[in-house]
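K.L.:
Make the full structure from the sequences, and use the hints.
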Amino acid sequence: MHRFANPNQFLRIANPLLPWISALSVLCMAAGLYLGLFQAPPDYQQGESVRIMYVHVPSAWMALFVYASMAIASATALIWRHPLGFLMAKASAPIGACFTVICLATGSLWGKPMWGTWWEWDARMTSVLILLFLYVGYMALIDAFDDPTRGQRAASILALVGAVNVPIIKFSVDWWNTLHQPASVVKLSGPAIHPSMLWPLLIMAVGFTAFYFALMIVRLRSEIAAAKIRNIRLGQVHS
Amino acid sequence: MVVVMFFVITVALFPFGVGPESNILARIAAGVVWVCAMLATLLSLDRMFLNDYEDGSLEQLALCPLPLEIIVLAKAGAHWLVTGLPLILAAPILAMLLNMPAGGYLTLFSVMILGTPTLSLIGAIGASLTLGARRAGVLVSILVLPLYIPILIFAVGAIDAAAMSLPTRPHILFLAAILAAALPLAPWASASAIRQALN
Amino acid sequence: MENLSDFFAMGGYGSYIWPAYLLAALILTVLLILSLRDLRRNESTLQTLRAERRGDAIDETDT
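Chains as they are written, first to last, in the numbering used here: chain A, 1029 to 1267; chain B, 1024 to 1222; chain C, 19 to 81.
Any given hint could be a false lead.
What the hints assert, rightly or not - Across the chosen pairs, the derived CB separations fall in these ranges:
1) ARG1157(B) with VAL1192(A): 24 to 34 Å
2) VAL1105(B) with VAL1192(A): 25 to 35 Å
3) ARG1070(B) with PHE26(C): 34 to 44 Å
4) ALA69(C) with ARG1218(B): 37 to 47 Å
5) GLN1083(B) with THR1177(A): 21 to 31 Å
What the hints assert, rightly or not - Listed next, the stretches of chain C that the computed footprint assigns to chain A, with coverage defined by at least 3 CB atoms under 8 Å from CB atoms of chain A:
6) 25-31
7) 41-55
8) 58-72
I should point out that these hints are in silico values taken from the structure, not numbers from a laboratory. For glycine and all other residues, C-beta sits at the position ideal for the given N, C-alpha and C.
P.N.:
Written as structure tokens, this is what we have:
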């Protein structure tokens, strides 16, 4: 564990992987786009509009996956006191927030022809909106301190508090939604989805995940460089 | 008392915003009272630890043999006494001004008693995380309000259910469960945030 | 040609599908460009700082 916690050790492993992950991401996204836009059949109920699903659903998965990764990185950083986890969480947050925004925007564009409104206080969309607030809070907190390590520590505690709250929020929003809304919302029949639609979805999800990891490594390298710059500057001030 | 003033004024704004029709006000009364109570709670959160942090007495408290978690719990309790309790007393009067259905008052009272301590406890996390941060007051709101949403949902759900003479027990049990979970977890998270702030 | 316009029309849903895909592509591309620019700037700053220091001290940040 501690071997990988050293930033330079980590970069020695991550840097050679970066081109491969990037290539995987580009290939999967291209294949997913081709399958999703050309090969997959239109839905018998929702027609061609179902094609929005191939960006909407993977980005929803990513919104949750990135938050979970952030929470795990924060927890390991707080428990074993190594800075790499803090930097990983910090590098991930904007990516997760972007996926969340994509999820909300594409959901809105899907909702307009399906539900007749841009925004429906549907349980899932509401939960994702709250998830976006959690990302925003994390990013606001991490930048609010003059000492960057303080911001990273505080934000990591916040990420964990948020992670504990995500299931509670999800549950309460589902509860609230069933109270206030008759089941009028068109829903995808979950596991009964046809393979010709499932494949583009899964390939797209792999592409998004690879994109996240590639971008995370890039941002992490930038964060590590920024930390070294700060160290050097602090050294100059003291000497 | 400033907190209660704020509470009263924000609630009193709503009739101007949505119009004085009593049936509309009655429909939204529970939600308005709760949202305004949450905003009023936020107002005083950033002071929970800030003065002690700035004059160094928080460091003394962290060094004393009593666990920091207990001190946080006491701080949150004090915060509740000066904000939560006055809000509980003011809430029924404001609900009356908004023409809340008669069946809701007892439930309003009980969900305020169960809900406001949780607001102070979760608020303690936000207050300790933003110690020493720039624009801490606004930041606390951004961090804490999303975490308040479940409380809002169950509290308003209970009052609405009572007004329609439906069972309120499940909502109230969930509120109690959230309080029971926040009682140990929030001081723990808050204390670890204070420790890293003092380092 | 007709096939192509049929494809872009997406059975009448084109005005929702294409903005969705374009927006997603735009957001991810902008994030990628900003991240790469950040990385390049930080790494070049680090290089110049190290070049300035080289000679008078051992670089302890590299250990």
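K.L.:
Which numbered conditions among the earlier hints are violated in the structure presented, ordered from lowest to highest?
P.N.:
3
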